[in-house]
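**Student:** Under our numbering, the first residue of the sequence shown carries the number -13, and numbering increases by one thereafter.
These aren't lab readings, by the way, just hints derived from the structure by calculation.
Cβ coordinates follow ideal geometry from the N, Cα and C atoms, glycine included.
Some clues are possibly wrong.
[As the list claims (entries may be wrong)] Restraint ranges, calculated between C-beta atoms of paired labels, are given here:
1) A78 / V165: 32 to 40 Å
2) D90 / V141: 24 to 32 Å
3) Y74 / A124: 18 to 26 Å
4) D60 / G147: 21 to 29 Å
5) V127 / R30: 32 to 40 Å
6) P163 / D90: 25 to 33 Å
7) P169 / Y74: 32 to 40 Å
8) V146 / P76: 23 to 31 Å
9) Y74 / R144: 36 to 44 Å
[Claimed, not checked] With a straight-line cut-off of 25 Å between C-alpha atoms, the simulated SDA-like cross-links for lysine to any residue are:
10) K45 / E12
11) K86 / G37
12) K45 / T(-9)
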Amino acid sequence: MVTVTIRSTAQVDDDAEVGEGTTVWELAQIREGARLGRGCTVGRGVYVGPGVRIGDRVKLQNHALVYEPAELADGVFVGPAAVLTNDYYPRAVDPEGNSKRAGDWQPQAVLVGEGASLGARSVCVAPVRVGRWALVAAGAVVTRDVPDFALVAGVPARRVGWVGRAGVRLVERPGEPGVWQCPGTGALHDERDGVLVERR
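All chains, please: the whole structure from these sequences, using the hints.
**Tutor:** This is how it looks when you write it as structure tokens:
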């Protein structure tokens, strides 16, 4: 029988949903209304905000911060101390100096597609979408949408290559412009107008 493992120092709200086979490690906090799928790993000190949606087999490494209303598809990897923000114009107070309250701003979402990876200490500045199987390098700051299979790096993050499902940087096949191959799996991809598509 598959069970959920929640360490004694973790805080999981009674209104949160945690799927079978998921492990929540020490000092993690999962807020009300959050939903985690099956087979996830939630590392030490992770924060998952209210109403966040997380798919199956997602790995949140130590001290990752996933603020609402983020949505992570199946198989997403979030590296140590990565941050998914939710306020494009952050302020503690309004223009008159009064403390801002929940109704004083509109949360923005970071959406992460199937199989994508966010490297250690990367930051995704909402609103932004990270495409399927994309790879965000460690320390990168994502300020605009990332295409499927894109490898992005830097501040702000820019596309520096393509990756396949294995996470290995693709190489363009000699004599075949726009045809990219994974050195690890041999899988082929076609690039058209800045979009990469898997061959099936």
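**Student:** Would you mind marking each hint as holding or not holding in the structure?
**Tutor:** Checked hints:
1. A78 / V165: 32 to 40 Å: 51 Å, violated
2. D90 / V141: 24 to 32 Å: Since the Cβ atoms of D90 and V141 sit about 29 Å apart, the hinted range of 24 to 32 Å holds.
3. Y74 / A124: 18 to 26 Å: 23 Å, holds
4. D60 / G147: 21 to 29 Å: 24 Å, holds
5. V127 / R30: 32 to 40 Å: Distance hint for V127, R30 is violated at roughly 24 Å.
6. P163 / D90: 25 to 33 Å: 52 Å, violated
7. P169 / Y74: 32 to 40 Å: This hint holds: roughly 38 Å between Cβ atoms.
8. V146 / P76: 23 to 31 Å: Once the Cβ atoms are compared, 28 Å apart, the range 23 to 31 Å for P76 and V146 holds.
9. Y74 / R144: 36 to 44 Å: Check failed, 20 Å falls outside 36 to 44 Å.
10. K45 / E12: OK: K45 and E12 at ~15 Å, within 25 Å.
11. K86 / G37: Distance of about 20 Å is within 25 Å: holds.
12. K45 / T(-9): 14 Å, holds
Against the hints set out earlier in the document, violations occur for numbers 1, 5, 6 and 9.
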